[in-house]
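Given the coordinates of chain A, work out where chain B should sit on it, guided by the hints.
Just so you know, the sequences run in chain order A and B.
Residues 627 to 827 in our numbering are what the first sequence lists, from first letter to last.
Residues 2 to 484 in our numbering are what the second sequence lists, from first letter to last.
Keep in mind the hints are simulated off the structure, nothing from the lab.
Be careful, since some hints might not be right.
As the list claims (entries may be wrong) - Now the in silico label distances, taken between C-beta atoms and shown as ranges:
(1) A:L695 / B:T326: 51 to 59 Å
(2) B:V58 / A:T768: 26 to 34 Å
(3) B:I55 / A:P753: 45 to 53 Å
(4) A:G726 / B:I298: 21 to 29 Å
(5) B:T326 / A:E709: 42 to 50 Å
(6) B:T326 / A:V642: 15 to 23 Å
(7) A:G647 / B:G409: 52 to 60 Å
Said to hold, decoys possible - Under the rule of at most 25 Å between Cα atoms (straight-line distance), these lysine to any residue pairs were calculated in the SDA-like manner:
(8) B:K111 / A:A784
(9) B:K111 / A:G798
(10) B:K435 / B:V292
(11) B:K167 / A:I780
(12) B:K167 / A:P719
(13) B:K167 / A:A715
(14) A:K739 / B:A482
(15) A:K739 / B:H275
(16) B:K435 / B:E241
(17) B:K167 / A:W718
(18) B:K167 / B:A217
(19) B:K111 / B:L25
(20) A:K739 / B:G188
Cβ coordinates follow ideal geometry from the N, Cα and C atoms, glycine included.
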Amino acid sequence: MMFETLLFFAFSAVLVGAAFGVILARNPVYSALLLVLCFFNSAVIWLMLDAEFLGIVLVLVYVGAVMVLFLFVVMMLDVNLEELRKGLAGYWPIAAVVAGLMVFAILDVVVVKHLGGVSLGAAPPLPADYSNTRVLGEALFTRYAYPAQIAAVILLVASIAAIVLTLRHRPGVKPQNVGEQVRVSAKDRVRLVKMAPEKRP
Amino acid sequence: MNAFSVAAFNSGLTLATPEIFLGLAGCGILLLDLLIGDERRHWTAALSIAALLITAVLAAGVEVSGPVTALGGMFLVDAMSQALKVVALVIVAVVFVYSIEYMRHRGILKGEYFVLGLFATLGILVLISAASLVTVYLGLELLSLCLYAMVAFDRDSGRAAESAIKFFVLGSLASGTLLYGMSIIYGVTGSLELGTIAAAVQGGLATNIGLLFGIAFLIVAIGFKFGAVPFHMWIPDVYEGSPTCVTLFVGSAPKIAAFALAMRLLVDGLGGAHVDWGQMLVVLSVLSMAVGNVVAIAQTNLKRMLGYSTISHVGYILLGILAGTSQGYQSAMFYTITYVIVAAGSFGMILLLSRHGFEADRIEDFKGLNARSPWFAGMMAIFMFSLAGLPPFIGFWAKLGVIQAVLGINAVWLAVVAVLFSVVGAFYYLRVVKMMYFDEPVDAARIDGSPLMRAVLSANALLVLLLGIAPGALLVVCAHALP
Numbered sequence: 627m628m629f630e631t632l633l634f635f636a637f638s639a640v641l642v643g644a645a646f647g648v649i650l651a652r653n654p655v656y657s658a659l660l661l662v663l664c665f666f667n668s669a670v671i672w673l674m675l676d677a678e679f680l681g682i683v684l685v686l687v688y689v690g691a692v693m694v695l696f697l698f699v700v701m702m703l704d705v706n707l708e709e710l711r712k713g714l715a716g717y718w719p720i721a722a723v724v725a726g727l728m729v730f731a732i733l734d735v736v737v738v739k740h741l742g743g744v745s746l747g748a749a750p751p752l753p754a755d756y757s758n759t760r761v762l763g764e765a766l767f768t769r770y771a772y773p774a775q776i777a778a779v780i781l782l783v784a785s786i787a788a789i790v791l792t793l794r795h796r797p798g799v800k801p802q803n804v805g806e807q808v809r810v811s812a813k814d815r816v817r818l819v820k821m822a823p824e825k826r827p
Numbered sequence: 002m003n004a005f006s007v008a009a010f011n012s013g014l015t016l017a018t019p020e021i022f023l024g025l026a027g028c029g030i031l032l033l034d035l036l037i038g039d040e041r042r043h044w045t046a047a048l049s050i051a052a053l054l055i056t057a058v059l060a061a062g063v064e065v066s067g068p069v070t071a072l073g074g075m076f077l078v079d080a081m082s083q084a085l086k087v088v089a090l091v092i093v094a095v096v097f098v099y100s101i102e103y104m105r106h107r108g109i110l111k112g113e114y115f116v117l118g119l120f121a122t123l124g125i126l127v128l129i130s131a132a133s134l135v136t137v138y139l140g141l142e143l144l145s146l147c148l149y150a151m152v153a154f155d156r157d158s159g160r161a162a163e164s165a166i167k168f169f170v171l172g173s174l175a176s177g178t179l180l181y182g183m184s185i186i187y188g189v190t191g192s193l194e195l196g197t198i199a200a201a202v203q204g205g206l207a208t209n210i211g212l213l214f215g216i217a218f219l220i221v222a223i224g225f226k227f228g229a230v231p232f233h234m235w236i237p238d239v240y241e242g243s244p245t246c247v248t249l250f251v252g253s254a255p256k257i258a259a260f261a262l263a264m265r266l267l268v269d270g271l272g273g274a275h276v277d278w279g280q281m282l283v284v285l286s287v288l289s290m291a292v293g294n295v296v297a298i299a300q301t302n303l304k305r306m307l308g309y310s311t312i313s314h315v316g317y318i319l320l321g322i323l324a325g326t327s328q329g330y331q332s333a334m335f336y337t338i339t340y341v342i343v344a345a346g347s348f349g350m351i352l353l354l355s356r357h358g359f360e361a362d363r364i365e366d367f368k369g370l371n372a373r374s375p376w377f378a379g380m381m382a383i384f385m386f387s388l389a390g391l392p393p394f395i396g397f398w399a400k401l402g403v404i405q406a407v408l409g410i411n412a413v414w415l416a417v418v419a420v421l422f423s424v425v426g427a428f429y430y431l432r433v434v435k436m437m438y439f440d441e442p443v444d445a446a447r448i449d450g451s452p453l454m455r456a457v458l459s460a461n462a463l464l465v466l467l468l469g470i471a472p473g474a475l476l477v478v479c480a481h482a483l484p
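Okay, chain A solo, but in the shape it has when bound (with noise of 0.2 Å):
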């Protein structure tokens, strides 16, 4: 137990290290990397709570996916951070009050008031041949089917969405046409002609 404790402290530690360099980070490449080493941290520490479904999901769904079309897209727009930055720093003194009384209030009605409320005991100790993804599985298709399905719906909406606000018919652009290319035939490409033979001067 004491050793899992240190653990979770250790991985925890970094996990809140690297969040603070995301945000705090000059480079935003970094940054990018420094949000993978979070998910990493946040995946191991899902691991030691048994979702071993979740954690594994985190790294291959946000690190192999995600965070790679991020990195590519922050490496394809040449972003001028300077010039963003610029008004930024003006801020901090008021950002630091409120984030300040934020944490406050927050960390008072957590830690000194207690939240309290209902106790629903310990876990109890899983089986050797418990099996995460199955049991989520079942949740998902019978109890969540439900909300499982509206969830489809709102990722086709953002396909619609994103396609609607992006996508432009510009005039003037030489497209292939796959069916045209695949209609074709010898004699559209090649013609013969019959002509007589010609003495060379």
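Chain B only, in chain A's frame:
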């Protein structure tokens, strides 16, 4: 959490027929729209309106005797959900009728507007029927995502893009706040189902500091979605910046969703903690009535003025909810429904007067409307009188209801504040009426608009008058919905 049964889930599907039909219709119309050419785009609109009306018939036809939860405890049908669904569906259909001409004149008549509108309506239905924090959040997110995209719909307008970004960032912040509040409430009560949460709150958690902490975050999110002061900053900019047809959409049906959000979370889930959230709503309500009504006076843009007018009306709706009595909830529901009907009509008037290259969104554009079209000047006057709360229009009964509700809990000072600010508010509504009847017209163009739009707009205005003379039927619906 009771056991899950497949048979119960399947039998619950019949209760969700309206949602299922609307979702499938949205997908079908999205595909059909690909086959319809640009010059026949009004067919997409017609199909969407038909889908909405069929869904409304289905929603009215679901037979339940009392509240029933279904689909694994995620979905709830009761008298309130049925009434609100029918109103929301019909209002969106009317909004679509008003939008067609305007979009055609601006070259933005695209099928996706209607598809996004249909999915937004699906989000409203999901939210109205939510019985769990999960479905509340998903319904709200579905609605909001569609709205963000619709605000940015006119891609060549920089103002629309700016207001869409503002709406998106602030909306995401509000969703984050909502999730934070929900997670705390889940942590305190140990359940996502509103029924179980209500039981836990009744069972002695009402004074729990953690619960209060969660409620505060929920109130912020509800205030934002309603557009109540001090979370109203997005309303004027989004109303002014987006194309008028989208302003009409954002300003009408989503208010019903916001009302349902407040009722489901605060009354169904946290009814036992009314003492706490009631006080928070008092602040929001008084500030909304004050800021909305006073700042609206200074506006020259009619869309912006109606935006501030929305903020003030939200203050009155919150008055009914904060009363915490069934009379209060009924009056708030009555207020929401009537406000949405009137708001649809008044934005419809802006759409009617606008034409190619002319927005008709300044208050001066209504100068001398009586000389140009006495009939539609009369219609606009009906809407303005109703918003101001003058008898015999529907807005009068709505205001009377919420004021009676706060008098019912002996909050006389709140009633006095409400009456005072409604007098302040009357000024800017009557100014529009004055300009229509007593000023010279600056613009002599003929009033266009398809016969269908003119007919629906006239019916909309006459409904406001008719309900004002005989509000009994709607009052009975509200009383039946929230006994």
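**Message:** Does B:E241 sit within 25 Å of B:K435, going by the straight-line distance between their CA atoms?
**Reply:** It holds: about 23 Å lies between the C-alpha atoms, which stays within 25 Å.
**Asked** Is the Cα-Cα distance between B:K167 and A:W718 25 Å or less?
**Response** Given pair B:K167, A:W718 holds - Cα atoms ~22 Å apart, limit 25 Å.
**Message:** Just to be careful, I want the Cα atoms of B:K111 and A:G798 compared with a cutoff of 25 Å; is the pair within it?
**Reply:** 22 Å, holds
**Request:** Assess, step by step, whether the Cα of B:K167 is no farther than 25 Å from the Cα of A:A715, and give holds or violated.
**Result:** 22 Å, holds
**Request:** Starting from the range 45 to 53 Å, see whether the pair B:I55 and A:P753 falls in it by beta-carbon distance.
**Result:** 50 Å, holds
**Asked** Taking 25 Å as the top limit, are the C-alpha atoms of B:K435 and B:V292 close enough?
**Response** 23 Å, holds
**Prompt:** Holds or violated: are the alpha carbons of A:K739 and B:H275 at most 25 Å from each other?
**Reply:** 22 Å, holds
**Prompt:** Regarding the pair B:K167 and B:A217, is the alpha-carbon distance no greater than 25 Å?
**Reply:** 23 Å, holds
**Item:** Supplied distance hint 15 to 23 Å, evaluated on CB atoms of B:T326 and A:V642
**Value:** Violated - the Cβ-Cβ distance for B:T326 and A:V642, about 47 Å, lies outside 15 to 23 Å.
**Asked** Is A:K739 close enough to B:G188, meaning Cα to Cα at most 25 Å?
**Response** 15 Å, holds
**Request:** Given the range 21 to 29 Å, decide if the beta-carbon distance of A:G726 to B:I298 lies inside it.
**Result:** 38 Å, violated
**Request:** For the range 26 to 34 Å, tell me whether the beta carbons of B:V58 and A:T768 fit it or not.
**Result:** 31 Å, holds
Hints 4, 5, 6 and 14, counting from the list given before, are not met by this structure.
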